[in-house]
Each structure stands twice: as structure tokens, then as C-alpha cells.
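Engineer: Here is what each chain is made of, one letter per residue.
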Amino acid sequence: MSAEVKENAKVSMDPKYIATLTVRLFGTCLVVAFLLGLVNMVTLPNITARKKAATDAALKQVVENPDASEFSDALELSDDMTAAASGAGATLSALYAVTEDAAPAGYAFTVVSSGSQGNIEMMVGVDEADVVTGVSIVSNSETPGIGSKVMGNEPTASGTPVLDQFIGKSPEDGALTVGGNIDGISGATVSSRGVTTGVNAALAVAALMD
Amino acid sequence: MDFKSQFKEGLITNNPVLVQLLGLCSTMAITTSFFNGLGMGIAVTIILTLSNIIIAAIRNIVPDKIRIAMFIVVIAGFVTMVDLLLQAFVPALSESLGVFIPLIVVNCIILGRAESFSYKNGVAASAVDGICQGIGYTVVLLVMCVIREFLGAGTFGGGILGPGGIFDGGALGAGKGITILPEQYPMKLLTLPVGGFIVLAVLIAAMQWALERSKAKAEKEAAEV
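Note that the protein sequences, when read in sequence, are chains F and R. Counting in the numbering used here, the first sequence runs from 1 upward without gaps. Counting in the numbering used here, the second sequence runs from 211 upward without gaps.
Certain hints may be false.
Derived SDA-like pairs: lysine to any residue, alpha-carbon spacing no greater than 20 Å straight-line [said to hold, decoys possible]: (1) F:Lys52 with R:Phe299; (2) R:Lys275 with F:Leu21; (3) F:Lys51 with R:Val300; (4) R:Lys398 with F:Pro161; (5) F:Lys51 with R:Lys398; (6) R:Lys275 with F:Tyr17; (7) F:Lys16 with R:Asn270; (8) F:Lys16 with R:Ala298; (9) F:Lys51 with R:Glu305; (10) F:Lys16 with R:Asp274; (11) F:Lys52 with R:Glu305; (12) F:Lys51 with R:Gln297; (13) F:Lys52 with R:Ala298; (14) F:Lys52 with R:Leu295; (15) R:Lys275 with F:Arg24; (16) F:Lys16 with R:Val272; (17) R:Lys398 with F:Asn153; (18) R:Lys398 with F:Ser158; (19) F:Lys51 with R:Pro301; (20) R:Lys425 with R:Thr223.
For the record, the hints were derived by calculation from the structure and aren't laboratory data. None of the values given here were measured: they were computed from a predicted structure.
Given these sequences and hints, build the entire structure.
Structural biologist: Here you go:
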């Protein structure tokens, strides 16, 4: 080590200077964190309300008869259910019972699986016979123009909208795989797989119900 | 401060994408339809301008050795606040631009301009720099969107025009674009990431050629005088 480098190292180790750096950086973080907390406090009620509305709309999309269907509040999740979902590679975050004219008509699951840019939160509806009645996306951060095609239910190469092809699938079809019994969207394989994983997890949990 | 020269710098001679080569990741990822380019361009321009102002305002209390760390904290915090506020109070805008905003935190144009311009210049000049660089970025995005959308999907104005677009009673970002090329002709390759690389490379090469040419011309004129 040359003398000059040593001298530089010595200067930057000056305790007073280090203290200044620490205090400034800590102060900045503190101010930013405080402002973030403040903004979060102001915006949280609005954002929660919007998310609730989005959840209700998503629930309506995944049942067979949206107009006749009613939904319970989120049911309590048992350890078996969360274990079944994570066994299939996704996280179960909520479960709603669906009733049609007061008769039980299946369940709707909110599952979270990982896409290409982050988590994909989706709603999967199944009827009493564990057959998928619909899949819809609640929130995602997939790449606009690529993964967003899957999220937007655009048609695959075969012409069927990518999310609609899950309708009618049941545990009898075995594990669903992209390229096997599910068509992905080219260029967006990871996003397509993410959704497929979520549906598999929902079916795994549905098999435990009733 | 000289607005005209700053504008020329942002748009041409020091264009953030084609000359500084900043923000390439977002440039290639989102330039598949006209609306995406416009949305990302507007979001970056606004946030770049505001973050430039903030950085310029606090530049005297930021120690040299930890400036990058402080820039990151300030920019990430600021972008998150904008994101939350949009989600809560302007849901329509958040629906259409929301996906771009988290991407901006990692867009190196913001950090690049903080480091190379607003850390060394006043608030007003930094604001102008943000606007000019933002416009330069937006223009490149739009050019790429138009090329990739036309050759890759055969449409123009995706997300805004065409069936389901805003003039067809649809929401922002929903339109399919006006079809120009019949369906069997477009090269799908161009809408995929590899197409982004190709189009960007061609644009950068064209830009460098044009800059070299105008430089050579200026030198020749100077020599003649």
C-alpha cells in the first residue's frame, strides 16, 4: 500500500467526518421515513376501500352466475389449506364461500403466486365438484406489453383467451402445466406459469374442502 | 441558464437514451405500444423534474462521499409517495400509469441526472434539465413504440386509438390500435424483447452517425473560415 493511499484511508477514517456522514444519512432516512409514514396514513383508507371494491368485482368474475351469487366474508384458513397451496407453489391468502340462491355453490380462492416482475394476486372460483368456474387477476406488476397480455386475458396462439382456458379444468386433469394442458402466451411464459401455479394451488385447496 | 441549449442537449446532443445510454431496460421492456411509451414518458418526465428540484435544493447538505446513498433514499421515498397519492386520490390515472411508477425507482435516468446535473446546478436549471431530458426520453420511447408496433403488430396508436380505445368509449390503455398491416405480415419478433434490442441498436447507430456528421460539418466550416 502506497503512502498516499494510506493517507487517504486515514483521512476518511476521521471520526468527526464519519459522524457527520452518519448523522446526515440517518437524518435523511428519518425525514423520508416520517414523510412516507404520513403519506401512508393519509392514503391507506382510500386504497383499502379501492382494493375491497376490486376484490368484490373479481369475485363476481369467477363464478358461473354472477348476478345470483352471494359471497361470504373471508373464511378462516386452516393449516392444511395453506400447506396444500404452498405445496403447489403458491400462497393462499383468502377464501370465500359462494352461495347461489342460498344453496352452496363452491368457493372462491385468492391466491398469490410469483410472476416475472413480482407477485400475481388472482381469484380462482371452483364449483361444488371442484371444477374451475373462472380465473381473474386482482393485482400484478407484470411487464406492460409482455406479461400484461396474460393479465389482460388476451388470446393465446390457439385463439382462446389465456385465462378462460382454465374454466372447466378440475383435479381430474392432473397438474396443469404451461405447454402441457395449458397454452401460454409467447414471450410471457413466466407470467403464464405464474397464473397456472395459482390455479393448481386453488385446486389443491379445493380438494380438501367439503 | 440557457433553455434553448438545454433543450437541444436533452433532445439530441445529450439524449438520455441514445447518447447517455441510460434507462435502456425500461426503454426495451415497455415500447410495444404507443400508450405504454407515452405513459412511461410522462411519468418519468414529471418524476425526473421533481426529483431534480429536490436534489438541487438539498445539494448543499449532501456530503460528497455518501451522495449516491442519499439520492437513492430521497428518490425511492419520493416516488413511493407519488405512487401512494395517485392510488388514493387519482385512481383513474393510477390505473393507467400505476404500473410504470414502481419501474421509475430503478430507472437510472433519475439517478444519472441527479449525479451529473442537479447535484451541481441550481433549482431552476435542474427543473429545466428534468423537463428537457424527460422530453428527450419520451420522444425516443415514442419513436421506438411506433416502429415496433407497426412492424411487429401492424398497428398504430395501441392503447389509445382503434377498437376499444378512448375514441371508442374505452378506457385509457385498452385500445388495440388502428390496424395498418394485415395480420399475416407483421414480424412478431419485434414486439419481443429481442426486437427491442434490434430497434434500439439501429436508433443509436443512426443517432451516432448523425452526430458525427454534424460534427464533421461544423469542423469543416470552421476550417474554411
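Engineer: Compare the structure with each hint and give your call.
Structural biologist: To see whether the hints hold, each was checked on the structure:
Straight-line distance between C-alpha atoms of Lys52 of chain F and Phe299 of chain R comes to about 16 Å, which keeps the hinted pair within the 20 Å bound. Among the hinted pairs, Lys275 of chain R with Leu21 of chain F is consistent with the structure: their alpha-carbon atoms are about 8 Å apart, no more than 20 Å. Restraint check: the Cα-Cα separation between Lys51 of chain F and Val300 of chain R comes to about 14 Å, which is no more than 20 Å; the hinted pair holds. Of the pairs offered as hints, the one joining Lys398 of chain R and Pro161 of chain F holds, with about 18 Å between alpha carbons and a cut-off of 20 Å not exceeded.
A C-alpha spacing of about 35 Å is found between Lys51 of chain F and Lys398 of chain R, which places the hinted pair above 20 Å, so the restraint is violated. Simply put, Lys275 of chain R and Tyr17 of chain F have alpha-carbon atoms about 10 Å apart, close enough for the 20 Å limit, and the pair holds. Our distance criterion of 20 Å between C-alpha atoms is met by Lys16 of chain F and Asn270 of chain R, whose separation comes to about 18 Å. Between Lys16 of chain F and Ala298 of chain R the alpha-carbon distance is near 44 Å, which puts this suggested pair outside the 20 Å criterion.
A C-alpha spacing of about 12 Å is found between Lys51 of chain F and Glu305 of chain R, which places the hinted pair at or below 20 Å, so the restraint holds. Simply put, Lys16 of chain F and Asp274 of chain R have alpha-carbon atoms about 15 Å apart, close enough for the 20 Å limit, and the pair holds. For the suggested pair Lys52 of chain F and Glu305 of chain R, the alpha carbons sit about 15 Å apart, so the restraint of at most 20 Å is met. Among the hinted pairs, Lys51 of chain F with Gln297 of chain R is consistent with the structure: their alpha-carbon atoms are about 10 Å apart, no more than 20 Å.
A distance of roughly 13 Å separates the Cα atoms of Lys52 of chain F and Ala298 of chain R; the hinted pair therefore holds under the 20 Å criterion. A C-alpha spacing of about 18 Å is found between Lys52 of chain F and Leu295 of chain R, which places the hinted pair at or below 20 Å, so the restraint holds. Proximity of Lys275 of chain R to Arg24 of chain F is assessed by CA-CA distance (about 11 Å); at most 20 Å being required, the pair is judged to hold. For a cut-off of 20 Å, the pair hint linking Lys16 of chain F to Val272 of chain R stands: about 16 Å separates their Cα positions.
Only pairs whose Cα atoms come within 20 Å are accepted, and Lys398 of chain R paired with Asn153 of chain F is accepted, the gap being roughly 19 Å. The suggested pairing of Lys398 of chain R with Ser158 of chain F holds, with an alpha-carbon distance near 15 Å, which does not exceed 20 Å. With a C-alpha separation of about 11 Å, the suggested pairing of Lys51 of chain F with Pro301 of chain R holds against the 20 Å cut-off. As the CA atoms of Lys425 of chain R and Thr223 of chain R are separated by approximately 11 Å, the hinted pair is consistent with the 20 Å bound.
Violated hints, listed in ascending order, are 5 and 8; each of the other numbered hints is respected by the structure.
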